[in-house]
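There are 4 protein chains.
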Amino acid sequence: MNTQNGDALGVAVVGAGYWGPNLARNFQASSMWRMQWLCDLDEDRAKRVLGNYSTVRTTPSLDDVLNDDSVHAVAIATPPSTHESVALAALDAGKHVLVEKPLADSYAAAERIVNRADELGLTLMSDHTYCYTPSVQKIRDLLADGTLGDLQYVDSIRINLGLVQRDVNVLWDLAPHDLSILEYILPEGIRPLAVAAHGADPIGAGQACVAYLSLQLPGDALAHFHVNWLSPMKVRTMLIGGSKRTLFWDDLSPLQRISVYDRGVDLTPREELNLEDRRAASISYRSGDVVAPALQEKEALRGVVEEFADAIRTHRAPRTDGRAGLRIVDILEAANRSLQFQGAVVPLRGAR
Amino acid sequence: MNTQNGDALGVAVVGAGYWGPNLARNFQASSMWRMQWLCDLDEDRAKRVLGNYSTVRTTPSLDDVLNDDSVHAVAIATPPSTHESVALAALDAGKHVLVEKPLADSYAAAERIVNRADELGLTLMSDHTYCYTPSVQKIRDLLADGTLGDLQYVDSIRINLGLVQRDVNVLWDLAPHDLSILEYILPEGIRPLAVAAHGADPIGAGQACVAYLSLQLPGDALAHFHVNWLSPMKVRTMLIGGSKRTLFWDDLSPLQRISVYDRGVDLTPREELNLEDRRAASISYRSGDVVAPALQEKEALRGVVEEFADAIRTHRAPRTDGRAGLRIVDILEAANRSLQFQGAVVPLRGAR
Amino acid sequence: MNTQNGDALGVAVVGAGYWGPNLARNFQASSMWRMQWLCDLDEDRAKRVLGNYSTVRTTPSLDDVLNDDSVHAVAIATPPSTHESVALAALDAGKHVLVEKPLADSYAAAERIVNRADELGLTLMSDHTYCYTPSVQKIRDLLADGTLGDLQYVDSIRINLGLVQRDVNVLWDLAPHDLSILEYILPEGIRPLAVAAHGADPIGAGQACVAYLSLQLPGDALAHFHVNWLSPMKVRTMLIGGSKRTLFWDDLSPLQRISVYDRGVDLTPREELNLEDRRAASISYRSGDVVAPALQEKEALRGVVEEFADAIRTHRAPRTDGRAGLRIVDILEAANRSLQFQGAVVPLRGAR
Amino acid sequence: MNTQNGDALGVAVVGAGYWGPNLARNFQASSMWRMQWLCDLDEDRAKRVLGNYSTVRTTPSLDDVLNDDSVHAVAIATPPSTHESVALAALDAGKHVLVEKPLADSYAAAERIVNRADELGLTLMSDHTYCYTPSVQKIRDLLADGTLGDLQYVDSIRINLGLVQRDVNVLWDLAPHDLSILEYILPEGIRPLAVAAHGADPIGAGQACVAYLSLQLPGDALAHFHVNWLSPMKVRTMLIGGSKRTLFWDDLSPLQRISVYDRGVDLTPREELNLEDRRAASISYRSGDVVAPALQEKEALRGVVEEFADAIRTHRAPRTDGRAGLRIVDILEAANRSLQFQGAVVPLRGAR
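Residue numbers (our numbering), protein chains in the order written: chain A, 1 to 352; chain B, 1 to 352; chain C, 1 to 352; chain D, 1 to 352.
Simulated from the structure, these hints should not be mistaken for laboratory data.
Note that this is a predicted model, so its numbers are computed, not measured.
Just so you know, even glycine gets a beta-carbon here, dropped at the ideal spot from N, CA and C.
Some clues are possibly wrong.
As the list claims (entries may be wrong) - Where chain A lies over chain C, by a calculated footprint (3+ residues, C-beta under 8 Å): (1) 45–57; (2) 250–262.
Said to hold, decoys possible - Straight line, CA to CA, 30 Å or less: simulated DSBU-like cross-link-like pairs of lysine-lysine: (3) C:Lys244 to D:Lys234; (4) D:Lys298 to D:Lys234; (5) A:Lys138 to D:Lys138; (6) C:Lys298 to A:Lys298; (7) B:Lys47 to D:Lys47; (8) C:Lys234 to D:Lys244.
What the hints assert, rightly or not - The following residues of chain A were derived to be distant from chain C, with all beta-carbon distances above 12 Å: (9) Asp42; (10) Asp92; (11) Leu122; (12) Gly204; (13) Asp289.
Could you build all of it, start to finish, from the sequences and the hints given here?
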């Protein structure tokens with residue numbers, strides 16, 4: 001395959017359901033890509049997605065895509081249970097691969113995809129779209145540059161009247177977004193240690209429709225996630241407490257998505273105090289300003305397809321690589337086990 | 001003691017710290033009461049609370065209060081660890097008793113107070129102030145009259161930069177409010193079954209400063225509580241999902257405190273479907289109006305002192321009696337045990 | 001031209017600047033239309049709008065469009081000063097015409113367009129997009145069916161950091177949206193009587209950048225509009241007071257765009273009172289529920305292009321026809337005159 | 001009268017209606033004052049305000065108050081039409097005077113009060129309570145220290161379901177709050193030049209119930225006020241545009257009352273550009289952070305009573321003196337004249 005710098009890379013999108021059309025639109029809008037195919041078992045659906053004025057080809061056959069030498073990369077937006085087979089076939093055909101979240105429906109399957117890409121020296125990227133939003137990038141920066149101080153707690157809420165699914169619970173449906181964000185903003189070397197999950201299926205759907213996930217983090221920090229298909233209120237917020245400042249992200253706010261509070265509780269370590277002071281209260285309160293940093297307006301998925309192209313061309317791992325996707329699946333599997341055992345704490349592989 | 005109908009009852013408030021002044025103000029404003037004493041070990045504090053223009057007497061001595069025949073009832077707003085001794089002394093002196101939440105600092109102590117009041121035939125009331133707000137009353141009504149349908153989930157958030165305490169964790173400090181509300185709105189006969197709690201002390205305060213509490217309810221329903229001393233954002237919300245409608249309560253909203261959503265997910269029970277339909281999706285979505293019911297403006301604590309007076313006069317149990325307080329302490333003790341064991345599920349006494 | 005029912009109509013979009021791309025996208029998405037051309041003097045801009053995968057043709061020449069028999073209609077999204085010449089040319093070539101707001105840059109020009117379309121029996125439609133939103137449709141319905149009662153006042157705010165323009169003031173830029181909404185929701189036969197405008201140009205742009213417009217309505221009702229290019233806060237709200245209920249529309253609210261308040265002030269007419277009561281206060285207050293009606297999610301511009309097609313096919317006036325556009329220009333011209341004379345009241349032509 | 005430093009001053013509150021009780025509470029809470037009387041023609045109302053536990057005396061007779069040598073100052077919270085006679089009587093009795101807004105019901109009456117206080121060398125203070133809030137103080141500071149730059153526009157909204165009054169329109173009822181704030185924050189020497197007002201009485205109350213006020217300020221700046229008794233939505237906001245930053249004040253926001261936007265439009269003056277650049281756009285946009293400054297929590301009325309005491313003791317004019325109240329009445333009178341003449345521009349006395 002010829003991928004010399006400056007030329008657009010050929011790409012095919014597989015899956016024309018909910019997410020595939022967004023990928024197709026962004027690949028077409030990027031000068032780094034030349035979109036060749038939109039592939040779906042239901043070819044009419046693919047045609048409807050493209051509309052009546054498009055020169056992009058459609059096919060129901062994955063082979064058409066994989067046999068096309070002008071296709072350098074495949075973006076997979078099919079149901080999670082098919083990710084492994086499509087991804088392995090694409091890798092075996094020598095294509096770079098972008099996979100929608102979650103990377104696969106089990107840790108074992110996700111690991112096989114990661115390993116195959118490694119063996120073949122091909123780029124494998126997880127489509128963790130939120131990590132490419134200006135908001136999440138800003139959060140990551142404010143943690144990395146010390147503005148927030150040490151991470152103390154994360155409280156995430158993602159609730160909405162959602163499509164209740166038969167084959168996957170609400171954690172697998174919604175939490176990958178938030179877990180991929182946490183994974184992306186956590187400082188180097190800090191990884192969740194263990195998981196506990198509580199869920200309920202009050203409508204009898206056969207799957208947890210409301211769930212809470214607690215992640216133990218080093219240093220007695222705690223990350224907690226609320227995901228819910230049944231709420232008529234749409235909420236997408238993340239509160240990130242740090243030792244210096246606390247950040248609140250409201251992804252739906254029309255006016256102020258990120259607020260950084262210079263307010264909080266400080267505790268003077270007892271060893272720093274002399275004998276008399278140790279008895280006295282060593283707790284103090286900060287009550288400073290709130291700053292809402294300016295954010296760029298940019299579609300995150302545009303950043304995804306550009307990162308994918310750049311990673312392929314420069315033979316480097318993308319910012320959200322296959323291993324990032326694998327770590328999310330690790331947490332989701334552990335959460336399912338915790339749900340089975342009524343909230344029991346389950347340690348993570350990555351923490352072993 | 002003479003408590004004939006129509007006459008004001010004499011009352012003393014014990015404790016002039018954070019909550020006592022509110023009790024004192026409301027007893028003075030009610031024609032059902034005649035406030036006789038404000039008692040605090042620090043009498044100067046009591047004097048400062050009353051100001052320079054008051055005819056109410058102060059004393060540092062509980063005996064002064066208990067020996068005064070014009071005092072029919074005592075309202076206790078001292079630290080939780082002292083509730084048992086003050087309450088038992090007041091009951092033994094023949095006084096009716098109102099106790100600030102939590103009723104006591106252990107289940108055993110709370111039970112002793114409840115039993116003593118029973119033995120002596122005196123009124124014991126838990127000051128669960130929130131239960132007397134127009135909002136909570138409306139929520140209770142909408143559950144009781146079937147508007148919301150069966151309870152599916154409760155998600156409660158009470159976070160704020162709070163006074164970090166040395167002797168009690170954030171669950172004992174803040175969750176009693178929300179647990180008393182849950183206790184009050186739950187339909188007759190429905191009681192929480194078990195508790196799991198997750199907490200963190202990222203500032204090294206020696207107590208959990210951030211905590212999450214999950215309560216299992218009958219029918220695979222779930223109640224979940226987030227309490228937090230470290231958040232610079234002040235949030236006080238409760239989302240109550242029902243099989244017919246979902247209610248959102250935002251206690252800090254200046255414009256719309258309660259919203260009732262006629263939106264949700266419906267699942268047709270499989271047994272009601274014929275063979276062909278059972279394979280098809282039996283999930284449907286409602287997308288109706290949102291109604292914000294009109295609420296009265298009334299100070300809740302006024303309702304507390306009036307309920308206390310009326311319960312004494314009519315020799316009936318108050319709406320939030322001692323047993324209601326006891327059930328809250330049961331949950332708090334179980335939550336502490338769950339925290340010790342990293343989130344293990346702990347069954348409740350009331351569910352045995 | 002052949003426009004038999006069932007066949008898609010051919011359309012060309014003229015102008016590929018800010019609004020043209022939205023029109024182009026919606027014409028392509030509608031099965032009622034076959035988009036033939038995107039025309040712009042800067043043909044490269046037109047090509048960039050369509051992207052690399054489109055079969056739609058571009059041209060810098062209006063003649064190419066007007067000479068094409070497959071083009072039944074032309075949608076004009078060029079600068080307002082060019083509307084008259086493009087629209088008249090299109091009408092003279094036998095094309096139906098859709099014109100972006102404002103219809104023209106003067107009343108005289110707008111009137112010439114309206115008259116020409118009438119003479120030629122062609123459809124002329126004003127692209128008053130907001131009138132095709134579910135929100136405005138609901139507002140119109142609630143006024144028409146009597147839910148709100150008689151209109152008492154309208155308070156509209158549309159402020160945002162906007163593109164300060166050299167050739168047109170903020171009223172001509174932003175107020176057409178709100179005036180077209182008012183025009184659309186007002187009951188049959190109720191028309192504004194007179195206009196007063198106040199403006200300021202504190203940055204020295206040579207045009208009013210902040211302006212307020214007051215419209216006298218029959219029955220001592222008042223409509224008031226605030227438009228502002230300088231506000232960093234983005235606000236788009238309309239408060240519509242009625243004798244029975246009041247409606248608040250917040251177009252940017254992620255959760256609740258329309259709220260209908262059953263709260264207000266009632267005055268018993270004095271003639272309905274007997275002599276004793278006339279001295280007493282005859283004012284009463286309603287304090288009922290707030291209802292947020294369910295709204296469909298639909299792109300308004302899709303409704304515009306469908307209405308345009310249907311009006312052409314059924315030889316009827318579109319809901320927002322040329323005369324509606326003319327009435328908006330009447331108000332804008334009167335507002336400019338009022339600005340010149342420091343807020344003097346200027347009567348409207350329509351009211352004569 | 002003996003007012004040596006350190007001693008509390010004696011004060012009487014006249015009027016126990018809506019505002020008087022707030023004054024009474026704050027005088028009692030301040031160590032700078034000794035409250036002697038609450039005076040109301042309806043003495044029972046005064047007694048009810050004080051409650052059953054107060055040592056403060058009541059009287060229906062103003063003479064009782066004025067003849068009492070222990071009374072150094074009188075705070076007037078009676079209806080506006082009585083302000084002149086009560087204030088003059090108090091001044092003539094040698095008492096310092098605090099008057100609720102508006103200072104009087106006409107410019108002539110207000111001027112007589114101001115002049116009498118001057119002649120007698122007594123302190124006359126306007127109770128412009130909002131000027132003593134932490135929010136307004138912060139706004140004044142940010143204008144004074146140049147953070148906001150030059151004032152460009154002010155947009156104020158104060159709407160709420162209000163008590164429709166028979167003898168005064170909504171401008172006289174509500175706008176004094178906002179006008180006193182404007183008066184207080186405007187830089188030294190900058191005064192409104194002229195007024196235009198538009199109003200409506202759609203319920204037939206006999207008074208404008210909805211009104212808009214425009215104030216011309218030097219430098220083509222504009223201040224605009226919306227006051228409304230009929231709105232079921234309660235809104236209290238002020239948007240203050242400056243050449244450097246824009247401030248938004250939402251007095252009802254539970255979380256963020258003041259936001260300072262470093263976003264806006266800049267215009268490079270043409271004379272600073274060379275010939276080529278003058279043709280190019282000289283408009284640029286800033287898109288910086290938003291800062292919500294920390295604000296103290298303090299009851300404004302406490303600040304009023306302390307300022308009153310301090311002004312008396314130090315023989316200086318209070319921050320909101322009688323002349324400040326006089327300027328507000330000047331604007332209100334001009335607004336009434338503008339309403340009579342359908343929005344005609346009326347110049348202010350202060351601007352002559």
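So, going through the hints one by one against the coordinates:
no.	hint	result
1	45–57	holds (count 6)
2	250–262	holds (count 4)
3	C:Lys244 to D:Lys234	18 Å, holds
4	D:Lys298 to D:Lys234	22 Å, holds
5	A:Lys138 to D:Lys138	29 Å, holds
6	C:Lys298 to A:Lys298	24 Å, holds
7	B:Lys47 to D:Lys47	22 Å, holds
8	C:Lys234 to D:Lys244	18 Å, holds
9	Asp42	19 Å, holds
10	Asp92	29 Å, holds
11	Leu122	26 Å, holds
12	Gly204	25 Å, holds
13	Asp289	17 Å, holds
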